[in-house]
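*Asks:* Line order of the protein sequences matches chains B and A. Residue 1 is where the first sequence starts when you use the numbering used here, and the numbers rise one by one after that. Residue 1 is where the second sequence starts when you use the numbering used here, and the numbers rise one by one after that.
Keep in mind that the hints were calculated from the coordinates and are not lab data. The model shown is predicted, which means the values in this text are computed figures rather than measured ones. Some hints could be false.
Said to hold, decoys possible - DEER-style ranges, computed between Cβ atoms:
1) A:L148 to B:G30: 34 to 44 Å
2) B:A50 to A:L148: 51 to 61 Å
3) A:P175 to B:S210: 44 to 54 Å
4) B:A355 to A:P68: 44 to 54 Å
5) A:E35 to B:P57: 37 to 47 Å
6) B:G265 to A:R50: 43 to 53 Å
7) B:A50 to A:P175: 41 to 51 Å
8) A:E146 to B:G179: 44 to 54 Å
9) B:Y31 to A:K102: 17 to 27 Å
Positions of the beta carbon are idealized from the N, C-alpha and C atoms, including for glycine.
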Amino acid sequence: MNIATSWSTATGTRAAFDQAMTRLHDRMGGYPGYLLVYFTESYPAEELHAALAMLPPSVKVQGCSSCLGVMTEEGMHAEDGRALGLLGIRDELGAYGVGAAALAGDPRAAARAALEAALADSGRPGELPDIVWLNAAPGHEEAVLQGVCDVVGRNVPVLGGSAGDNHVAGAWRLLTRQGAAGDAVVVSVMMPALHVSSSFQSGYLPTTSSGIVTSATGRIVHAIDGRPAAAVYREWTGSLLDGVPAAGGNVLSLTTLAPLGRMLGTLGEVPFYTLSHPDALLADGSLSLFAEVAAGEQLVLMTGSKERLVARAGRVARSAIDLGGFAAEAILGAVVVYCAGCMLTVQDRLPDVVAELNNALGGKPFIGIFTFGEQGCMLDGHPSHGNLMISAMVFSE
Amino acid sequence: MAASDATREISLEELRETMVDLEQARRHERQLRFESEGLLEGLQALTEARDTGQVFDKLSRVLRRFVPFEDAFMLLAGASGELRTVRATAPVFEGLHWRAGKMLQRVLDGQIVCVFDLAEVPEWQDQPAAVRNRARSAIHAPLRSETLNAVLVFVHAQPAFFTADQVRLLERFAPLGNQALISIEYRQQLEERARELRAANDALETSHLQLLQSEKMASIGQLAAGVAHEINNPVGFVLSNLGSLAHYLDDFLEVLSAYERLEAELPPSLPGLSALRALKARVDLGYLRRDVLLLLQESHDGCTRVRDIVQDLKDFSRAGGAEVWQAANVEAGLDSTLNITANELKYKAELVKEFAGVPDIECLPSQLNQVFLNLIVNAAQAIEQGGKVWVRTGREGDAIWVEVADDGRGIPAENLGRIFDPFFTTKPVGQGTGLGLALSYGIVRKHNGRIEVDSKPGCGSRFRVWLPIRQVAAGTEETHRRDP
Numbered sequence: 001m002n003i004a005t006s007w008s009t010a011t012g013t014r015a016a017f018d019q020a021m022t023r024l025h026d027r028m029g030g031y032p033g034y035l036l037v038y039f040t041e042s043y044p045a046e047e048l049h050a051a052l053a054m055l056p057p058s059v060k061v062q063g064c065s066s067c068l069g070v071m072t073e074e075g076m077h078a079e080d081g082r083a084l085g086l087l088g089i090r091d092e093l094g095a096y097g098v099g100a101a102a103l104a105g106d107p108r109a110a111a112r113a114a115l116e117a118a119l120a121d122s123g124r125p126g127e128l129p130d131i132v133w134l135n136a137a138p139g140h141e142e143a144v145l146q147g148v149c150d151v152v153g154r155n156v157p158v159l160g161g162s163a164g165d166n167h168v169a170g171a172w173r174l175l176t177r178q179g180a181a182g183d184a185v186v187v188s189v190m191m192p193a194l195h196v197s198s199s200f201q202s203g204y205l206p207t208t209s210s211g212i213v214t215s216a217t218g219r220i221v222h223a224i225d226g227r228p229a230a231a232v233y234r235e236w237t238g239s240l241l242d243g244v245p246a247a248g249g250n251v252l253s254l255t256t257l258a259p260l261g262r263m264l265g266t267l268g269e270v271p272f273y274t275l276s277h278p279d280a281l282l283a284d285g286s287l288s289l290f291a292e293v294a295a296g297e298q299l300v301l302m303t304g305s306k307e308r309l310v311a312r313a314g315r316v317a318r319s320a321i322d323l324g325g326f327a328a329e330a331i332l333g334a335v336v337v338y339c340a341g342c343m344l345t346v347q348d349r350l351p352d353v354v355a356e357l358n359n360a361l362g363g364k365p366f367i368g369i370f371t372f373g374e375q376g377c378m379l380d381g382h383p384s385h386g387n388l389m390i391s392a393m394v395f396s397e
Numbered sequence: 001m002a003a004s005d006a007t008r009e010i011s012l013e014e015l016r017e018t019m020v021d022l023e024q025a026r027r028h029e030r031q032l033r034f035e036s037e038g039l040l041e042g043l044q045a046l047t048e049a050r051d052t053g054q055v056f057d058k059l060s061r062v063l064r065r066f067v068p069f070e071d072a073f074m075l076l077a078g079a080s081g082e083l084r085t086v087r088a089t090a091p092v093f094e095g096l097h098w099r100a101g102k103m104l105q106r107v108l109d110g111q112i113v114c115v116f117d118l119a120e121v122p123e124w125q126d127q128p129a130a131v132r133n134r135a136r137s138a139i140h141a142p143l144r145s146e147t148l149n150a151v152l153v154f155v156h157a158q159p160a161f162f163t164a165d166q167v168r169l170l171e172r173f174a175p176l177g178n179q180a181l182i183s184i185e186y187r188q189q190l191e192e193r194a195r196e197l198r199a200a201n202d203a204l205e206t207s208h209l210q211l212l213q214s215e216k217m218a219s220i221g222q223l224a225a226g227v228a229h230e231i232n233n234p235v236g237f238v239l240s241n242l243g244s245l246a247h248y249l250d251d252f253l254e255v256l257s258a259y260e261r262l263e264a265e266l267p268p269s270l271p272g273l274s275a276l277r278a279l280k281a282r283v284d285l286g287y288l289r290r291d292v293l294l295l296l297q298e299s300h301d302g303c304t305r306v307r308d309i310v311q312d313l314k315d316f317s318r319a320g321g322a323e324v325w326q327a328a329n330v331e332a333g334l335d336s337t338l339n340i341t342a343n344e345l346k347y348k349a350e351l352v353k354e355f356a357g358v359p360d361i362e363c364l365p366s367q368l369n370q371v372f373l374n375l376i377v378n379a380a381q382a383i384e385q386g387g388k389v390w391v392r393t394g395r396e397g398d399a400i401w402v403e404v405a406d407d408g409r410g411i412p413a414e415n416l417g418r419i420f421d422p423f424f425t426t427k428p429v430g431q432g433t434g435l436g437l438a439l440s441y442g443i444v445r446k447h448n449g450r451i452e453v454d455s456k457p458g459c460g461s462r463f464r465v466w467l468p469i470r471q472v473a474a475g476t477e478e479t480h481r482r483d484p
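Working from the sequences, and respecting the hints, build out all of it.
*Replies:* Written out as structure tokens, the structure reads:
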């Protein structure tokens, strides 16, 4: 039983895949049984899918595109927007299954179908997975999570990240051995013989600015406390959006350190939040987010800092290790999901993020991806979708 | 100002993180305490379990607090690879047969398997609709020892009911259940060994008693042989002398008759004749002539009887320490034994002998005589007064039988099963050791025979000893080896 990673920024999709796969094969002493493939849009998913044909049929593959690069224990990998990272698991006594489905206007049904296919692929139909690993096109994560819970209930840890691209232009891709697609959900069920633990956190603090959503449609907030949501958000953030015209516009890169939080519950006396990243002020005075909100929910202005975002990845990994009760020497590897928005904010500090992760994981192999939405279990133990979140899935002997 | 805000934020963040850490630690501690309490409860319950069924009962009772299942049952793997339900909390799960498909095989190999949708699992698809309707999700946990491979199944009617935390808890319980099973098996093995040891000890004690008895009989035999030798010599010459004396007496009486014929022809005036006739009258010579013969005959008879008794004593205890398997006639042995026990019988019972003329059998004669002696003495002792004792023989096929019956008080039904136990006796203290029938049983077993008993209180008892005419080769060799 072992885990290893490899990467490439070689020019040409096939060359990059061959280089990374050869390294992985050497490090593992053979092909993995389960393979995660994360890549930037510079490597077309269709070409990667063609390259997967070189693998033995028994190798199960899940992957998606990542924003601008990937991380491994060897560093942050990106060269002119090109990066390919692999993480392989050999676990002969465990069971893994991968399924995929096109969202096709019904993300919930698609998630159900993908998960059922993954369960069938695992060879253990009906059995409760230890963890569900999810990648989907951004935009419908809440419905996707509902579809997952329709099948396995709300007590199974679900972790994952929405596919990203380099320019937020809809160039994201999902990948399995069955094919590559932009509007799809891919799901793995894991029933490993090794132990797995996860953690899902944000690096933000609540401020005193808050209000009740009085009108919302999906991911569009029309009004907070009865007033236009864009205006309220402008007030809460002071001068942050002064450069944005009154008619509105894209604010994604400006609001990374000032997201809106929705309280999911409290741990003891400490409230915990899921984050929504404002991406645009709309001409009608509404506020567009990367996560759904509903009328009646309280929104709290959150505040973050680069320091916290840099340190947070390591802290999340340590939290997963602590929750699993893993001994440092028993850790085999990890998968880290890091919000692309956060990544863009700390882009010049990414080596420090990798260092924090290596410090927490003891230098064991990990792959990190940059996503347009994160899914995981908050402190209440139930799966949820959030923005600007960081998660870690750690494997141990 | 900015630095101050940063300091405040870091402090707030640290405070928040610390509170989160504390709360998580508190939750973790609560969960651990909860699990530890469960484990302790489970341990206490399992230490009281005496068999597999109790392990299931107690484990499921304790576990229900921590894993709130609706029903539970236990599957036992058979040699054929199939499993069957051996215990259940609800009748609908009883008597089910399960094939060990992939899922159950992994459980049998030691893995806990949680199923959120039983409709997808082939093993469950085989089960009747009533079972499938009642169970939609389940946890399957292995329960294993050196000799037993079982599966505990906890079910719930709601799909996706069980959680990973509950599986983890069961993982902690599993070694406890396995250990309980192993302990039970060790305890059962120990009890079995103790039983074997007790049986071996009893057998050893019986053998020891038989040996003691054999040695006693050997001593008596030697003593009897010595006494017989010492008595036989004087009895021999007394008998011989009595024979000679009888001849001499015949001669004397013949001479006396001649003298009497001559006396009748003598003249009455012959001097001394009247004195002779007075002497004859005084000693009553006619009576003496009749009585002397009678006395001689009685003395001869008495001596002959002494000789016969000594011979019987020799025959009875002929074994000594060196008895060997030999062809012998049990009716002759019975005669010898009856002679020895004649005194025991004659004042209280009439003896009825019905011998069939059975053939010689391969046996240890003196030991069989000991069996007959025990049976005849017991028969005599069962009679108060004026009873009957029957001693019969017969043959059926390759076996003969010897039967000793009486019309005495009989044996109560509750004692019938114990009469061959060593030291079991109903006789007053000092009158019986309780060893007679136990030793007889051992001796007959050694002869590859058996003893049948038929008794009715108030009507009498009948003991029939069956003995093979020829000992089978292996048994004979074995018996010969045990009896040098």
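*Asks:* Indicate, hint by hint, whether the structure satisfies it.
*Replies:* Hint-by-hint comparison with the structure:
no.	hint	result
1	A:L148 to B:G30: 34 to 44 Å	38 Å, holds
2	B:A50 to A:L148: 51 to 61 Å	54 Å, holds
3	A:P175 to B:S210: 44 to 54 Å	50 Å, holds
4	B:A355 to A:P68: 44 to 54 Å	46 Å, holds
5	A:E35 to B:P57: 37 to 47 Å	42 Å, holds
6	B:G265 to A:R50: 43 to 53 Å	47 Å, holds
7	B:A50 to A:P175: 41 to 51 Å	50 Å, holds
8	A:E146 to B:G179: 44 to 54 Å	52 Å, holds
9	B:Y31 to A:K102: 17 to 27 Å	24 Å, holds
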